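Residue numbers (the numbering used here), protein chains in the order written: chain H, 1 to 138; chain A, 139 to 229.
Please note: incorrect hints may appear among the correct ones.
[Stated by the list, open to error] Derived CB-CB ranges, DEER-like:
#1 H/P28 - A/G224: 20 to 30 angstroms
#2 H/H112 - A/P167: 18 to 28 angstroms
#3 H/G117 - A/T209: 30 to 40 angstroms
[Said to hold, decoys possible] Quick partial rundown of chain A residues pointing at chain H, CB under 7 angstroms, derived from the structure:
#4 I140
#5 V144
#6 T181
#7 A185
#8 I215
[Stated by the list, open to error] Stretch by stretch, here's where chain H covers chain A in the computed footprint (C-beta under 8 angstroms, at least three residues):
#9 150 to 160
#10 171 to 177
#11 189 to 198
No wet-lab data here; the hints were simulated from the structure. All values reported here derive from a predicted model rather than from experimental measurement. The C-beta atom is built at its ideal place from N, Cα and C for all residues, glycine as well.
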Amino acid sequence: MIEILVSIFLLSGASLGLLAAIGIIRLPDLLTRMHASTKSGALGTAMIMVGVMLAFMEPVVTFRAFAIIMFIMITSPVAAHVIARAGYFVGVSLWDGTVKDMLKESYDPESHYLRSGFEGMDDDGETDDMDESEDQAR
Amino acid sequence: MINPLVINLVYLLLSLSVLLSFIRLAKGPSLPDRVVALELIATMVVAIIGVHAIDTGVASFLDIAIVLALTAFLAAIGFARFLERGGPRDD
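Extracted from the complex, chain A is given alone in its bound form:
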């Protein structure tokens, strides 16, 4: 079993990174900045799901991580297409 201190420290670091990228998501000067921050948040949530799978010992959480990575990729592609077509932007 992994030391709970290590698990909690990893949770802390990943939550801090989600928090920092949420700050960039909130105040990012342009819409592509926000999309980049959203993508980083999705990647970090995939990592948190992996740590949670280790923590609880339930391996089925990894399926959710796969689906979340796929959704984040599709969201990034969709936002990029939307930007290139020249949709309404609120910078």
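Chain H with its partners taken away, still in its complex shape:
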């Protein structure tokens, strides 16, 4: 019975890994490729580690596999964020069908300065798009 469960976990994890690889080779853009590979690859590896837990059924192995799952779940989004940030700053071209690029308005590639949109709140009158109620509240 436990073999069937382990087989299901292993096969679904490997299928998710294959899905990540297909996504990384088929998608048109750095960010979409990263979207395919990071989430799907991490989930596939986590499912295979759950299969390892069930196959061994020892506390030491369970702890190690759980440590691997937690480590991958924590580090994979961080690494993806850092690479996507570096790729955008380097100037990787986005896909032609990209509808919205919100970072483009607030990022200055010359000075490498990223505005948060809240500049001028303290030094008076810099931004004129502040609404009235906020002015009266101050």
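Starting from the known structure of chain H, fit chain A onto it as the hints suggest.
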């Protein structure tokens, strides 16, 4: 014991995914693409190590998987810092 057919099929699927991401690593148009492909390869190798631990019944392989995941994370961070500092790129 797990059915050997299942183990071999899982090996096949994971090796195919490593192969596909290696194609992206070889022909990726820019350096961040290659870094993403490298990260996926490292994740898939961690999965292959897990399957190999089940296959052989040696649980000590999981330690290697932990170390490999750590190294891959540090490599990704290092590549990103290198890109942001503006190192030489060969796109």
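**Item:** Violated constraints from the hint list, given by number and in increasing order
**Value:** The structure breaks none of the hints.
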